[in-house]
Amino acid sequence: MEILKHIVMDHFAQRSNWLTNIEVRVKLFYIGIGLVLNILSDDIMLPLLFFITSLLLLITIKVSFITLGLRMMMPFLFGIFILVIMGLHTGETVVFSGTIFGYELALKREGLQIGLLLFTKVAGGVMLMLLLSFTTAITKICMAARWMKIPETLIEVLSFLYRYLFLLIEKTETMMSSQRSRLGYVTWFKTIKSFGSLGGMLIIRSITRAENAHIAMISRGYDGGRVLTVQLTPLARNDYAMLLSCGILLVLLSCLRFFW
Amino acid sequence: MTIKIKVEGLIHKYPDGTRALMGANLDVREGEFLAILGANGSGKTTLLKHLNGLLKPVSGSVILDSKTLSAFKPSEVFRKVGMVFQDPNDQLIAPTVEEDVAFGPTNLNLGYDEIMSRVNNALELVKMKEFAKKAIHALSYGQSKRICIAGILAMQPEVIILDEPTSGLDPDGVKTIMKILNDLNKKQGITIIFATNSVDLVPVHMDRVAIMDKGIVVQEGTPERIFTDSKKLEGLKLELPLIAQLMEVLRDKEKLPINSLPLTIGQAKHELSHLFNRENNIQHAGSIE
Amino acid sequence: MTIKIKVEGLIHKYPDGTRALMGANLDVREGEFLAILGANGSGKTTLLKHLNGLLKPVSGSVILDSKTLSAFKPSEVFRKVGMVFQDPNDQLIAPTVEEDVAFGPTNLNLGYDEIMSRVNNALELVKMKEFAKKAIHALSYGQSKRICIAGILAMQPEVIILDEPTSGLDPDGVKTIMKILNDLNKKQGITIIFATNSVDLVPVHMDRVAIMDKGIVVQEGTPERIFTDSKKLEGLKLELPLIAQLMEVLRDKEKLPINSLPLTIGQAKHELSHLFNRENNIQHAGSIE
Amino acid sequence: MKKILLGISVVCALLLLPHVAHAMHITEGILPLKWSLIWFILIIPFVVIGTLRLKKKKRNVPGFLPLVGLVGAAVFVFSCFPIPVVGLNGMATAHPAGTGMSAILLGPFVSVVIAGIALFIQALFLAHGGLTTLGVNIFSMGVLGSFSGYFAFRLAQRMGLKLFWCGFMAGVVSDLCTYLGTSIGLGLLVFKEGETFSVAMMHSAKAILEIFVVFMATSQGPLCIAEGIVVGFALSYVYKVRPGILYNLRVIKEERDAIPG
Ligand SMILES: Nc1ncnc2c1ncn2[C@@H]1O[C@H](COP(=O)(O)OP(=O)(O)OP(=O)(O)O)[C@@H](O)[C@H]1O
Ligand SMILES: Nc1ncnc2c1ncn2[C@@H]1O[C@H](COP(=O)(O)OP(=O)(O)OP(=O)(O)O)[C@@H](O)[C@H]1O
Ligand SMILES: [Mg+2]
Ligand SMILES: [Mg+2]
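Residue numbers (this note's numbering), protein chains in the order written: chain A, 56 to 315; chain B, 992 to 1280; chain C, 992 to 1280; chain D, 12 to 272.
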C-alpha cells in the first residue's frame, strides 16, 4: 500500500504550468518518438541526453526530488540487475569469475558494456515517461487516445478504473487500519488471512459500487452510449509550431549522434 | 396547487424478499420543497428510487404530470426527474468535474455548444465554476456533493430528488447546500424532494413533510401540523426539532402560556419575546397602578 | 485529573504534500468524554489516527500514559486505544456478528472461554446479544455501528476513539449510541474521544470540547467556555448549538436579561422559567404593593 | 580479489532482486525495438478479442462497463498488498500479480485487457514497467498469467476441489507463469543474431532458467504460495458473505442459499 500511497498521484499533472499546458498530442508525439530513438540508440549519449533534458524540464516546474527519486528507484534497481545479467551472459573477455553455490559465474567486459548501455537507456526512457506523467493528467491522455481512434470501450474502462482507484485505495486503507487495530497482522498466518478477507471485502465492495454507479448512470440518462464527453479542441497554430519545433529538435538530436 | 407526482399504493419487494414498501401513498405538489423523514430502513431510499423509475413496484403506480410513469420513455423521465444519491462517490463517475457534469446532457444527445453552456450554468449555480477542470478525487466531501447537484441541474430537470444530501457535512457545508437548494426551489421553481434524518432542517427550509414508517407514508402535512407532539414522533423513531423540544418542555412542564409550538429560532424568538413583553407590560401596568 | 493522552506539536504531511496537521496540541484526560469539532477537512480524522499510531507524524509526539507512543509495541497500543471508523462497512470483517466481535480477542491469543465471555459482554453492553448469530450483511446501519463498537469493546480498551459515529443515523439511533457511550464512559470509566459535526450533541453529552481548524487545535475547554459567541464559531465553519442560537438571539436582539448562555434544553428551561417566574414574582409583588 | 568482487556483485543482485521483482514488469528502455515489436504483435490477437468481448458485453449486459472498471481497480489495489514472505534474502514484502484473481472473476480475455490497462497506468504513474515494454509485460502478466490462472481454476473445479483450493491453484499457477514470462522476456535479451539459432537458443534458455531460479529463490517463490492462499481466502470469503456475486459472475455454478441469518 505504501507504494500506491506514495506514487499514484497525479497532482503534479493537475497543476497549471507551461508544460501541462502544452497540447497533449504534441507531448505524446515527442515522447513517443523519443522512446523509440532511445531504444534504437547504440551509444550512451542519446539516452543520457534524454535523461538530462527531461530532468531539466521537470526541474523548471519544480517537481520534488523526493517524488522523482522514489519513482526512479525501481527502474534503477532493474537497470543494475540487467547490468549484472548481461555481464554474466554476453561476451568473451572475462573480468571476474568464480563459483557460487557450486555454480560457475563469470562477468564479461562486453556484456558489462551492453549492460551499461541498457542502464542508460532505462534512465533515459523512464525519465521521458515521467516527463509525460508529471505533466499530463490521465483525462488528457484519454482524449488523445480517442483522437487516435483507440477503441472507445478501452478508454472508458481506463477512465473508470482510474476514477475509482483512488477511492478503493482509501477504502482499503481504512479496512486495513481497522484490521490492524484489532491485531489482524500480528503473525504471518494471521496477516495472510487478513489479506484474504481484505481481498474478499475489496471484491464485494467494488461490485456493490459498480451496481450503484450503474444505477446513478441510468438515472442520468445512460443507455449504453458514450461515457466520456469532453472533446479535444482542434490543434491550434501554436500547437503546430510546438509540434514542428519538437520534430526539428528530435531530428537534430538523432543527427547529433553522427558527430560524436 | 397542481400535483406533480402522485404515488398510489406502492408495494416493493427486493429480490431477497425484503418488503421495503407496503402500500405507500404520497402527493408531491408542483414547486414545493418536500421533506421525507423516517427512521433508518423505513423505506425512504426505496420510495425515492420509484419516483424516477429506477425501481419498478410490485403493485401500485407513480403518476408524473398526470400520466403514469410506465407510459413514459425512461429517458423522458430522467430528463424530468433528477436524483442525487447519498454517497457522492457512487454518482460521480467521470474523472474530472467538467466531464462528470457533461455526462447527463451528453446522454440527451445535445450539441457540443449546448452541452458546454449547460455545464457552465450548472457549475455557476452551485458556485463551483473554477473547479471545472479539477479531478473528482481531488474534491472535498462537500464539494463533491455540489458537483452531484450540478450534474443533475445540467439536465434541467423539473424535479430534483435528494437522498440525505447533508449527512457528513459540517454546519457551514449544510448551510451552503441548503441555500443552493432554496434558490433552485424559489427562483427556478424546481420541485425538490429531500430525504433526511435531521429534523432540525425541516421547519427552516421545507414547505411540507412526509413521514415514513415500515414502508408506508404515515403522515403528510406542513411542519407545523406534523411537529406537534413528541410522543407520536418517538414511536416513529424521530424527534421534534430541538427548538420545538424546548418550547414543548416550557409549555408542558413549566406551564408557560405558549399556544402554537414554535419550530424555528425565528418563531421561538417571536413567541418568547412576545410573552416576555406581555409579562413586562402587565408588571408595568401593575406598578403604575 | 491525570492526563491520559498528550499530543504535542503534531505535524503530519500526506504523501501528496497535503499538510493535514500543522502542530496540533491536545490533552485528553483520563475518564473524560471529549468532543472534537471542526469543519470538513480540518484534520480531525488525521489527528485521531495518530492517537493509536495508525499514522506516524512528521514531527511532534503522542504520549500515552506518560510514555511516548513509539516506545510501545503496536499491539499494546491497539489494545489500550480502540478506534471506530466512520463507515461500519469498512470495519466488519467476519461473516457473522459473533465471529466479528471475536476477531480482536482471538488475536490476543486468549482461551476460548475468555473469548466467548468477552464477546457476550461486549454484545450485552451494546444491547445486541440476540443478534450474535446474525450475518453481518443482514444488519441495519445503526446495528452495524453498534457491532463495530462491540468489536472494540471486546478488546477491553482504556480509550475508545470514534470518528463521526452518528452521521447517517436516525434520531433514535443517535440516542441509543449516545446512551451506550455515556454508560461506557460513566460506568466503565472508559475515556472516549468523539469526532463529530453535530454541535447539538456536544453540550448534552460531552465534558470537554476541542475545536480544530486548518490542522491545529484552536480551542479547548468545557462546552460552556467554547460556546459563547456565534461570530467566532462561524469563522471556524461551525455554529452554536441550536438552543444556544435561540438564547443568543433573545439576549442580543431582544435584550432579555440572560447572563450565561444556556446550551441544552435543560439549561434553557431553567433559565427561561427563572426569567418568567422572576418577572411574574415582581409583577405579583407589584400588584400586592 | 576478483572472486570477492564477483561475490559482492552477485549478492548485490540477489538483494536487489526482490525489489526488482516487486515491479515484476520489464522496465522501459531494456528491450530493443525488434523484441518490443515482436511482443506487441504477439499480444494483438488477445487484446483484440478481449476488446471485442468487452464491447459485446457492454451492449448486452447493462452495468458491465462500471463492473469491469471497478473490479479492475480492485484487482489493481489487490496487486499492491504488501505480503510478507521469507526468501533467500530474508524477510521482505512482495506484491501479488492479481491476474489470477481478475481472470477468475472476469474471464481470461477481459482479464488481458484489464492487465493491459493496469500496466499502462503503472508504467506512467508508478514508473513500473514501460511503454515500449508494454507488449512483453502484457504477454507475461496478462496473457500467460490470465490464461494459466483461469485454466488452473477451472481444472481444479473440474476435479471437484473446494473453492479455496481452486483459488489457491489459480493464484500459484498464474504467479509462476507471470514470472516465467518475465524471465523469458529478459532471458531472450542475450539471444544473438550472429550465432546459429540452436546455440543462441541454448544461451537464452540458460539465462531464462537462471533468472527464473533467482526469482524463485528470493522472495518470489514463497510469494506464489502466499498469493495462492490469499486468493483462496478471498474467494471463500466472498462465497461465505455474498455467494450471489460469484454466481452472477459465473465463477461458481449453483447459487447456494444466502447464509441463514
Ligand atoms: N438492495 C436491497 N436488497 C434487499 N433489501 C434491501 C435493499 N435495499 C434496502 N433494503 C431493505 O429495505 C428496507 C428499506 O430500505 P431503505 O434503504 O429504503 O431505507 P431508508 O429509509 O432509506 O433508510 P436509511 O435512512 O438508512 O437510508 C430496509 O429494511 C433495508 O434493509
Ligand atoms: N490520504 C490522504 N492523502 C492526502 N490528503 C489527505 C488524505 N486524507 C486526508 N487528506 C487531507 O487532509 C486534510 C485533513 O483531512 P481529514 O480527513 O483529517 O479531515 P476531517 O477533519 O476528518 O474532515 P471530515 O469532517 O470531512 O471527516 C484534508 O485537507 C484532506 O483533503
Ligand atoms: Mg436511505
Ligand atoms: Mg474525518
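Among the hints, erroneous ones may be present.
Said to hold, decoys possible - Straight-line alpha carbon distances no greater than 25 Å define the calculated DSS-like cross-link-like pairs of lysine-lysine that follow:
(1) D:K251 x C:K1120
(2) C:K1222 x B:K1118
(3) D:K67 x A:K248
(4) C:K1222 x B:K1004
These are calculated hints, taken from the structure and not from any lab test.
The model shown is predicted, which means the values in this text are computed figures rather than measured ones.
Original post:
Checking against the hints above, which ones are violated?
Top reply: 3, 4
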